[in-house]
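> Protein sequences appear in the order of chains F and W.
Going by this note's numbering, the first sequence opens with residue 1, and the numbers climb by one from there.
Going by this note's numbering, the second sequence opens with residue 1, and the numbers climb by one from there.
If you're looking for bench data, these hints aren't it; they were derived computationally from the structure.
Every residue, glycine too, gets a C-beta built ideally from N, C-alpha and C.
Worth double-checking, as some hints may not be accurate.
[As the list claims (entries may be wrong)] Examples of chain F residues lying across from chain W (beta carbon under 7 Å, computed):
#1 107
#2 123
#3 134
#4 138
#5 141
#6 269
#7 272
#8 276
#9 280
#10 283
So you can see what is in the structure, the chains are spelled out below.
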Amino acid sequence: MKSKLTFFEAISIIATISIAQIILDFPEYLIDNTGTGTIANLLFLSIITIIFCTIISNIFKNFSNQDIIDISELIGGRFLKFIISIIFIIFLELSAVLAFSSFIYPIKTLYFQNTHPLFVASIFIGAILIASNKGFFSTKKTATVFLGISVISVVALLFGDNGNYNTNNLIPFFGYDFRTTFQTGFSNIYIFNFVIMYFFLMPLLSRKNDYKKIMYSSLAINLSLIIIATISILLYYPTPIGKELSTLNSLNTIFLVTRRIQISSFLSQTDSIFVFFWSFVILNYIVLLVNGIVYILNKLFHYENKQKLSAPTISIIIGSVFFIDRIVQLEFLQKDIFKYFSIVLIFGISSIILILGFFKGRKKGFKNAKK
Amino acid sequence: MDFKNKFKHIFEYTPNKERTFLLPLSPNNLPQQEEKNLDIYDNFDKNFEYLKVKYNLLINSDIVTREFEISISSKTFKALLVFVDGITNSDSINNNILKPLMLKETIKMNPLKQAKLNNVQKFDLKDYLINRLISQNVVEISKDFKDCFEKINSGFVALFVDTLNIAICIEAKDLKARAITTPQSESVVRGPQASFIETLRTNTAQIRKIINNENLIIENTKVGKVTNTNVSICYMKNITNDNLVAEVKFRLNNLNVDSLTSSGELENLIKDNIPNLYPEIIATERPDKTSNLILAGRIAILVDGSPFALIVPGLLLDFLVSTEDINLNNVFANFLKVIRAISFLIAILLPAIYISVTTFHDEFLPTELLLAITSAREKIPFPIIVEIILMELSFELIREAGIRVPSAFGQTIGIVGALILGEAAVTANVVSPILVIIIAITAISEFTLPDYSFSFSTRIFRIFYITLGYFFGLFGIACGIFMHFSILFSYTSFGVPFFSYSSIKEYLIKPIWKNEKRNSNLNTKRPLKEPAISMKWRKNEK
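From just these sequences and the hints, can you work out the full model?
In structure tokens:
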């Protein structure tokens, strides 16, 4: 009961995922893909996501104490459960590796030019290790505490520049053409990969009836934040965003946006304040991912002390991070691997399992579905 | 010493005339096992011999034994009084114990009693002594020596009578205690000016005086195998959660320690999280604060000999609350509480932020301020971390010296500190004036924290953050804060989350007419303190 999520805690955790991905420059990847049509593209994808989530919530009504791993066991036995668990673990590991490296490299470039990345990462690793060892109870509380400041930091991107941005950057609203914005741009749906939480949320909730409410509230918050962040970048930089701005400097565009924000004439360069607050979000995000991996591993192997799994999990993540020594590798992983992996896993595999589980459950009767 | 003697001294043995002493290993290393608890004998001599051995009566100067005889009708019984000089009242022993037992050579009895006495089996000497002869209000029976010794050591007089296999323990306590004075460490402008003292019963009486209710329970237990220290557990039977009471008793009854001499020791023995640097138990010397917290559903633990009550559970934000707060209008109180919360953050983070901004994030500062800092540091030969460590160390030294020296020198220490640190160090270009300001603000902020132990933890965490700030800048401080929060959220104090949202919500005081609920974390038996309308006089009765 101690680790069950309340309404606000659930929303905070889901929002943390989105805010972290905004900080990790996901909106820039969308803009690269669809140009000025990104806003239209996001609105279109938002409608699809809302419909998708409505279907999920209606199916999950029947599985009040089960998540996607349990449902996979229901339809394919232990073998399928094992396979699905491993796929989810790989996904979470990959997300953590990308988050870690996408955050550490810009920080190194900005503040620690002459320092070895391992030194910069060491404090980050220490914080993740300690927080992960404290378990999910501590993580959900921390996520809630930092939610407010994280949301403000994203909204501040839009309103922080005293109107020095160029609204012409937003047009043409539908981007390059209809096909790019709505057809090839469909792959932008991976920005909504926070939807993965909905497949695991039900057994974690203290009040199961809140599932739908949490889903729609978090959708509203996350969609707004993603759109706000995308508009901010579009307003500051004309598309296509020059490679020289981000890639060569190994800086996220969102970091560059913060450099332009001014709070009166007294504080002219506020990027360090943003880095300060965003560190909380990224740390929370990675700790959440580690907790997610530990949760799935525990479902598979039923450990006596599951928190002992966090140290090896983090070691694997850190080990993988130092394999990425070029920004190009990072971009490849993010744009080509992670993007399609998210889409296939969330909108493909998980949905199919859920639907099959629903039919099997309906056939056997949902009360006995667990058996 | 002439040459000959010197020569002799070098080559010949000369006994050392100065006596030297080195502590040898103890030959009497007693095995760590419980001593047998013997029952009291019905033989007077045996009892006396045992007492002589156990109390080392030949060398123990404060243990008094008094042999005498009690004559009842034609029978005479040998009797012995044992008590500790200095903690018993001589007048009480003479007038209420010895006089009735000794003055009448033979206690005459009515014929009926005489008949009973002749029939020895029916006559109960114990009852007769307790009910007829000893005119003292508290009389207890001890059947074994251990219990008897505990009572003697706590101010009872033990009466051993031949043929009785019990000791009659008669209370004759006269523990010298200081008068109730004003609190030394928690002074307030408005509010009671009484504090706890070293006597347990006086302290419990002070609580009983404030909480005039039969539901106030004051339970006693003993801690310490050697010291047998009395510890009182005070709680409201109809308010406090039973599981919390059970947990406190469980922890106190499962302490396998030789001695307990202060509440500080007990605090460390029963706290939940050993590595937690924050205090988890509130220590107060104020009976009014103790009573308020008991009424809120918490438990007070009083240790005999200690003028501080321990209150459990203690939550993080409790240590930012002053006793003054409830005596003030809630707006003023909340203003002070917010100030204290800010000063807590300043005390922990300000030097770390200064060091990180000047080392890593100087672009963040306005140009004028940056130039001011740079020019102030221009002539300083040390790196900024050395500067800060020097200042922090000097400040800690002054503070420690200020506490240790007699109060008459306190002012001198302050002047020397201020002059050396404030003036001389800056003039000598050892530290920059801006850093002096930073350290001064930090110190003042720390002084606003109402709890003594809490300010200790603040100092330790400040050093931790300074290190992070120096090596990793704001990024490091953020990681530190994140770790701090993660750890804080994982702690509990007696089953209650040490830091939670609800405690943040309940930190600010509501107006007195809206203050209906008890702390939700405590899961009390009576969550509501008063009805929705407590100020009935404001409402027109229909």
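> Give a verdict on every hint.
Going through the hints against the structure:
With a least beta-carbon distance of about 6 Å to chain W, the hint placing residue 107 of chain F at the interface is held under the 7 Å criterion. Hint status for residue 123 of chain F relative to chain W: holds, with the closest Cβ pair at about 5 Å, below 7 Å. For residue 134 of chain F, the suggested interface contact is upheld, since its CB lies about 4 Å from the closest CB of chain W, less than 7 Å. A distance limit of 7 Å between C-beta atoms decides the matter here; for residue 138 of chain F the minimum to chain W is near 4 Å, and the interface restraint holds.
Restraint check, residue 141 of chain F versus chain W: the minimum CB separation of about 4 Å is within 7 Å; hint holds. Of the supplied interface hints, the one on residue 269 of chain F holds, with its beta-carbon coming within about 5 Å of a beta-carbon of chain W, less than 7 Å. Taking 7 Å as the C-beta cut-off, the interface hint given for residue 272 of chain F holds, the closest approach to chain W being about 4 Å. A cut of 7 Å between beta carbons decides the hint on residue 276 of chain F: the least distance to chain W is about 4 Å, and the hint holds.
Taking 7 Å as the C-beta contact cut-off toward chain W, the hint placing residue 280 of chain F at the interface holds, the least distance being around 6 Å. Of the supplied interface hints, the one on residue 283 of chain F holds, with its beta-carbon coming within about 5 Å of a beta-carbon of chain W, less than 7 Å.
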